[in-house]
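Quick note, the sequences are listed as chains A and B, same order. Letter 94 of the first sequence, counting from 1, is numbered 93 in numbering that gives the first Met the number 0, and no numbers are missing. Letter 161 of the second sequence, counting from 1, is numbered 160 in numbering that gives the first Met the number 0, and no numbers are missing.
Hints may contain errors.
Have a look at the derived ranges for each label pair, beta carbon to beta carbon [what the hints assert, rightly or not]:
1. A:Q126 - B:D326: 51 to 59 Å
2. B:V161 - A:L60: 18 to 26 Å
3. B:D276 - A:Q72: 37 to 45 Å
4. A:P94 - B:N323: 49 to 57 Å
5. B:E207 - A:L303: 40 to 48 Å
6. A:L60 - B:D475: 43 to 51 Å
7. A:N156 - B:E287: 23 to 31 Å
8. A:L60 - B:R445: 33 to 41 Å
9. B:L201 - A:P94: 24 to 32 Å
10. B:K382 - A:L16: 50 to 58 Å
If you only want the chain A side, here are some residues facing chain B, beta carbon under 7 Å, derived [as the list claims (entries may be wrong)]:
11. P30
12. T42
13. A43
14. M49
15. N80
16. S82
17. Q87
18. E91
19. S154
20. I155
21. S162
22. S163
23. T264
24. R277
A few chain A positions that, by computed beta-carbon distances, are all more than 12 Å from chain B [stated by the list, open to error]:
25. G164
26. V165
27. V295
I should point out that these hints are in silico values taken from the structure, not numbers from a laboratory. Virtual Cβ for every residue (Gly too), placed ideally from N, Cα, C.
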Amino acid sequence: MLRFLVNRLGQSMILLLIVTIITFFLINLAPGGPSSTMRMDATAEERQAMVENLGLDQPVLVRYVDWITNAVQGDLGVSFNTSEPVTQRILERLPYTIELTVFTIIISVLLGIFLGVLSAIKRGKAQDHVINFFSVIGLSVPAFWLGLMLILLFSINLGWLPSSGVGSRGGEFNLWGYVSHLILPVLILTTTVLPNIVRFTRSSMLEVISQNYIRTARAKGAKESIVLYVHALRNSLIPIITIIGMLIPRLLSGAVITEAIFGWTGIGTLIIEAARGRDYPLVMGVTVVITVVVVVCNLLVDILYSRVDPRVKNV
Amino acid sequence: MKNNKWIVLFTLLMSIVLLAACSYGGGDETSTQSAEGEGEQAAEGEPQSGGSVSIPIVADPTFNPWHPNAYAESNVVNRVLFSGLTQTGEDLEPIPDLATEWETSEDELEWTFHLRDDVLWHDGEQFTAEDVAFTFNEIVLNEALGANNTSYFQMLQEVQVVDDYTVKFIMDSPVAALPAYLSFNTEIIPQHIFEGQDPWDLTSFNKENPVGTGAFKLKSYTSGQSVVLERNDDFYGDIALLDEVEYKVLADANTHVAQLLSGELSIFALDDLSAIDRIESAENVTVEARETPRFFWIIANQEVEKYQDVRVRQAILHSIDRQNIIDTVLKGYGTIADAGIAPALADYYTDDVTRYEYDPERAKELLAEAGWEDTDGDGIVDKDGEPFTIDFEIGIQGDLEAVSQMVQQYLLSTGFDVNLNAMEWNSMIQDVVVNRDYEMSLNWWRYPADPDLSAYMHSNSVAGNNIPAYQNPELDALLEAGAQTSDIEERKEIYIEAQQFMSEELPYIFLWYPQEAQVRVNSLQGVPDLAFGDALHHIHKWYIEE
Chain A
0 MLRFLVNRLG
10 QSMILLLIVT
20 IITFFLINLA
30 PGGPSSTMRM
40 DATAEERQAM
50 VENLGLDQPV
60 LVRYVDWITN
70 AVQGDLGVSF
80 NTSEPVTQRI
90 LERLPYTIEL
100 TVFTIIISVL
110 LGIFLGVLSA
120 IKRGKAQDHV
130 INFFSVIGLS
140 VPAFWLGLML
150 ILLFSINLGW
160 LPSSGVGSRG
170 GEFNLWGYVS
180 HLILPVLILT
190 TTVLPNIVRF
200 TRSSMLEVIS
210 QNYIRTARAK
220 GAKESIVLYV
230 HALRNSLIPI
240 ITIIGMLIPR
250 LLSGAVITEA
260 IFGWTGIGTL
270 IIEAARGRDY
280 PLVMGVTVVI
290 TVVVVVCNLL
300 VDILYSRVDP
310 RVKNV
Chain B
0 MKNNKWIVLF
10 TLLMSIVLLA
20 ACSYGGGDET
30 STQSAEGEGE
40 QAAEGEPQSG
50 GSVSIPIVAD
60 PTFNPWHPNA
70 YAESNVVNRV
80 LFSGLTQTGE
90 DLEPIPDLAT
100 EWETSEDELE
110 WTFHLRDDVL
120 WHDGEQFTAE
130 DVAFTFNEIV
140 LNEALGANNT
150 SYFQMLQEVQ
160 VVDDYTVKFI
170 MDSPVAALPA
180 YLSFNTEIIP
190 QHIFEGQDPW
200 DLTSFNKENP
210 VGTGAFKLKS
220 YTSGQSVVLE
230 RNDDFYGDIA
240 LLDEVEYKVL
250 ADANTHVAQL
260 LSGELSIFAL
270 DDLSAIDRIE
280 SAENVTVEAR
290 ETPRFFWIIA
300 NQEVEKYQDV
310 RVRQAILHSI
320 DRQNIIDTVL
330 KGYGTIADAG
340 IAPALADYYT
350 DDVTRYEYDP
360 ERAKELLAEA
370 GWEDTDGDGI
380 VDKDGEPFTI
390 DFEIGIQGDL
400 EAVSQMVQQY
410 LLSTGFDVNL
420 NAMEWNSMIQ
430 DVVVNRDYEM
440 SLNWWRYPAD
450 PDLSAYMHSN
460 SVAGNNIPAY
470 QNPELDALLE
480 AGAQTSDIEE
490 RKEIYIEAQQ
500 FMSEELPYIF
510 LWYPQEAQVR
520 VNSLQGVPDL
530 AFGDALHHIH
540 KWYIEE
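Based on the sequences and whatever the hints tell you, model everything.
Below you can see the structure in the form of structure tokens.
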């Protein structure tokens, strides 16, 4: 187990390094520069002064070495466009994305397993078809389109929900104010992951139901509910842990679009801001953070997997 | 029965999730139009105190008007937080703000500004002439800083302190537009805070706790969400009527429209006019067309030989049905331009210039005169066997892409082979503005409320904002004469002549003077008939009517 962990950590470090190299060179070689040097009406002297102030007159390689040297010491640098530390800007925004992600996962997992099981035990019946139908729709509809349509319906036509923002935080707590801002973004994010969980649960459940020990359980006269929820569900849940781990990176990328549409001030809007403003240190910082999250999630899934299923040995 | 059990369990879990949310520390929904004038019994139509307005901005602002990162989203905040020596009056002429009056010396090389002696910074310190001298001498004239808007002050040598409340601007050559420039994003910042600091790295001011002299002061700022300003009760001018001004950070233009219609936003200038019909038909919202000192243009790089022939530029203009573009893409918010001085500058604007009707035949004639004819019948004009190809690079922003596609079609039908390359904004700036590696582009300028367009077409500005690199001694002479004359009547004559010259020679291929579609909820009153940005100078007069 220990050797496995050391191995995986080593691999993750190399992966992280490669990601930073690719990102750094990609963003630096893209045409254009930081917003401060890119105003329409800035004069050549103003541009030159900013290039020097930001240290962009150094060769790219030198800048990368500087950056990585500081980064391994925990210093992600200072944002070009706001002069604030990158770490601070990310920490400001991260909680919002976590909030969105956590609610989405809780809802998707509960609802997904419920619908998946229902679909499996009602295989071939009306419930199964309805659930399948909506799963396919959910998988196919683009999030940005659905988001705009929901805003049109619930915010403009019906006026029930706010069209964007996170609500005013920090003041007196208001449950409806809090929840109402969450509903639409969480709904959109849920549609990107829920169908996956439903379909995965369904097939996993179907596979387990056809196993011999289920037939044995039925044969020994166990109640059907016991057979399904105790014998079958428990075993069919094992692979679902994997899919949840794999969905977290997907949620993070989905958050970019969802956050942009709903003005949700998380990491997603931050990375758009950073890329559009050519804020190199901020782009690098967000990339590192997201890569770490994804790598850690995968690692956790692997560990969890071997814990839940004794047959899996990570040696 | 089995299913019911699951449904009960599920509902139970959901309620736990919701309850868990309670302990998270959220807040209430913002109501932006709340107009509780505590105990106010103002008669209908009378300005009343209280209430707040909400204004969208597309990104986090920088609370420093000179900061190289202070763009449009910062300007609308800084204009309210800080004050300049002058401000834009309701007729777009500069009127007193921090300066009460000003005069120039005989040779117009020295401007003396008399300052108010009753101005306090938001932190209670007294505002003096030292702050003005500091702002200009240490920030604007420090070339290593690369501050914003320094191009207006290239003729400024230094600012001298005469006494606590008098300053002198010493110029290298006369600049009649100085009072107008001093009203345009050139607010004064406090010496007592910036002295000895790096003005760009001072995030405690620029990003957290700005200290200005304006009618409102900072109450709270949450990155990515909102900036809330509250009334400054120690303001030197008329105390504002509104309690608060909230700027909401909303990157997406569709969201602006949605929030306006749902009453969550109060006022802004609509950039994307595609939603205008829906807004015009909404009952709670008013749309007003406002003149602004802006012009849209096509530039043809004068370093490229084929565009040096004025007949080619004229042919391009004759090829384009500008009225049709104004009617369709701009939904009527604009007037055709054949020179650069906008009707917003009513004192100087003239329509007595060379006009370019939509006339493809005339365009073809002009091209033929210039030696470009379709000899091989492929629909594209050619000269010496070379077809007339145009690389047309634009940045994607607002309606630039839609406009450019129409322009491309018009030019194609005249016989130009146009390759339209719509690129991301940053890349366009790199190619067109920084490297000047382009043939043709389309964009717009917005300038201070003064007709001096030297920065955009004088041959001295080729390294600056004269992006087409147009150079003509005759135009230079006119622009210089206008820049150096303070007498309004004399200036009018010069600029009328300059407009006629521009329309004849087309240093820029002028398209139109856009009007701003200013959208505002009906409950917001007291906003003067000015472009949104200028109306912000008068925010102390705004009020909410129940």
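ask   = Which of the numbered hints are not met once you compare them with the structure shown?
value = Violated hints (numbers, rising): 2, 3, 17, 25 and 26; every other hint is consistent with the structure.
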